[in-house]
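Generate coordinates for the entire structure from the input sequences, incorporating the hints supplied.
There are 2 protein chains.
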Amino acid sequence: MTKTRKKTDLPILGVHERVINASLLLFTKQGYFKTSVPDIVKASGCSTGSIYHHFKDKEGIASALYESLVMRMNLALDEIETQFPSSKQRCQAVIKLLFHITETEPEVMEFILYAKHKEFLPGNNPICSSRPFQKMREFVTAGIAEGDLQPIDDLVASASLYGGALRLIFLRLDGVIEHSLMDKLDDVWKCAWRSVAA
Amino acid sequence: MTKTRKKTDLPILGVHERVINASLLLFTKQGYFKTSVPDIVKASGCSTGSIYHHFKDKEGIASALYESLVMRMNLALDEIETQFPSSKQRCQAVIKLLFHITETEPEVMEFILYAKHKEFLPGNNPICSSRPFQKMREFVTAGIAEGDLQPIDDLVASASLYGGALRLIFLRLDGVIEHSLMDKLDDVWKCAWRSVAA
DNA sequence: GTCTATATCCAGATAGAC
DNA sequence: GTCTATCTGGATATAGAC
Chain U
842 MTKTRKKTDL PILGVHERVI NASLLLFTKQ GYFKTSVPDI VKASGCSTGS IYHHFKDKEG
902 IASALYESLV MRMNLALDEI ETQFPSSKQR CQAVIKLLFH ITETEPEVME FILYAKHKEF
962 LPGNNPICSS RPFQKMREFV TAGIAEGDLQ PIDDLVASAS LYGGALRLIF LRLDGVIEHS
1022 LMDKLDDVWK CAWRSVAA
Chain H
842 MTKTRKKTDL PILGVHERVI NASLLLFTKQ GYFKTSVPDI VKASGCSTGS IYHHFKDKEG
902 IASALYESLV MRMNLALDEI ETQFPSSKQR CQAVIKLLFH ITETEPEVME FILYAKHKEF
962 LPGNNPICSS RPFQKMREFV TAGIAEGDLQ PIDDLVASAS LYGGALRLIF LRLDGVIEHS
1022 LMDKLDDVWK CAWRSVAA
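Residue numbers (my numbering), protein chains in the order written: chain U, 842 to 1039; chain H, 842 to 1039.
Simulated from the structure, these hints should not be mistaken for lab results.
None of these values were measured; they are calculated from a predicted model.
Some clues are possibly wrong.
Heads up, the list lumps identical chains together, so a pair's fine if it works in one copy or across two of them.
Taking lysine to any residue pairs in the SDA-like style, the calculated list, with each CA pair at most 25 Å apart, reads [as the list claims (entries may be wrong)]:
(1) LYS929 / MET1023
(2) LYS883 / LEU866
(3) LYS976 / GLU1019
(4) LYS957 / HIS894
(5) LYS897 / LEU1012
(6) LYS976 / GLU987
Here it is, written out as structure tokens:
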């Protein structure tokens, strides 16, 4: 009997995981288009045939990778929602989460933010209208409704609240910032909150 | 006698311009890697041979395009610097400029911001350390020195000041925002300034 | 300087044995 | 389900006449 991808699988990784993992590294290091399927074969230790048995084509790999990362983000945001009652706390926790991912798994952040998915995932929505980013905006909208934030346009408010943090993440990923973003968390949050607080 | 690219050329465009112009549209519409040289041949009306006579290779086209756009941005920022004396006015003018370019020439903004140049311009610096972005940060640094802005980390300050506006530009380019950014300029600026004002 | 025709290479994808 | 061997198309880039 062959392995059939169950949650109870032992940590011996199957083709799917190995391909996804290798691809994340290759895509973020070299870019999607400069990564060939032969590259993925070498890095994952799986054969061409095996890869094409599990994924429709190269785009299918990127697509599966994208889905899995969006899923992870969603879970993390749901947890923030249940853990914190106020919009203010939630937004702050979001920024902390994003900084944390950037520091511990930069490739994940890089892929989610920087890949301009439209170029190689034509079917997918732009990242900013994907579920996690919607959720981030919902926290802001709720804050406005509750009167914690200024009564301005939702998009302007959430851009102002998260914009500074995101900019720093880009700078960090590009190597402009050399130390951990965590050091700047407090200052960033102060600025962010001041920009929209009622 | 043949044309020799001078500033005094009549508006009959030469190979260089036609290729650059066509490439900007193609690169932003389809992406660099999905744009083939034959595509550029068709769109520019120049032949393969002619193109390769003027540019070393496909990357050379992207590189020339990048240079020309960065140059334009630089000139515009210099003008802002001479026109406005205070840091506050300069930063505000920068945001207005960025919004204006986004509305009138979205491809230009898209190419500058969104292209993740590292993928196809390996030699170039990341966009955020290019001259125009440095200049934008200098305006902020000066404001801190003069006491107009809070005495916080330069990078945090400039990320906070410009971050919201840039986020809205991304949203606009991705089609999430459907009306002109100019409508939001005042609100965006209020938030931006409040986030860092002394 | 500009063109057409073409060489070369290697990517993505498949076939079919095991 | 996994592998090796292979096909095929199209991309980049060049050759060489005009």
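How the hints compare with the structure:
1. LYS929 / MET1023: Answer is within: at 19 Å inside a copy they meet the 25 Å cutoff, but 28 Å across does not.
2. LYS883 / LEU866: Cα proximity of LYS883 and LEU866: one copy only (13 Å, versus 36 Å across).
3. LYS976 / GLU1019: between (30 Å within a copy, 20 Å between copies)
4. LYS957 / HIS894: Classified as neither; 27 Å inside a copy, 32 Å across copies.
5. LYS897 / LEU1012: neither (35 Å within a copy, 31 Å between copies)
6. LYS976 / GLU987: within (17 Å within a copy, 39 Å between copies)
Of the numbered hints stated above, those contradicted by the structure are hints 4, 5, listed in ascending order.
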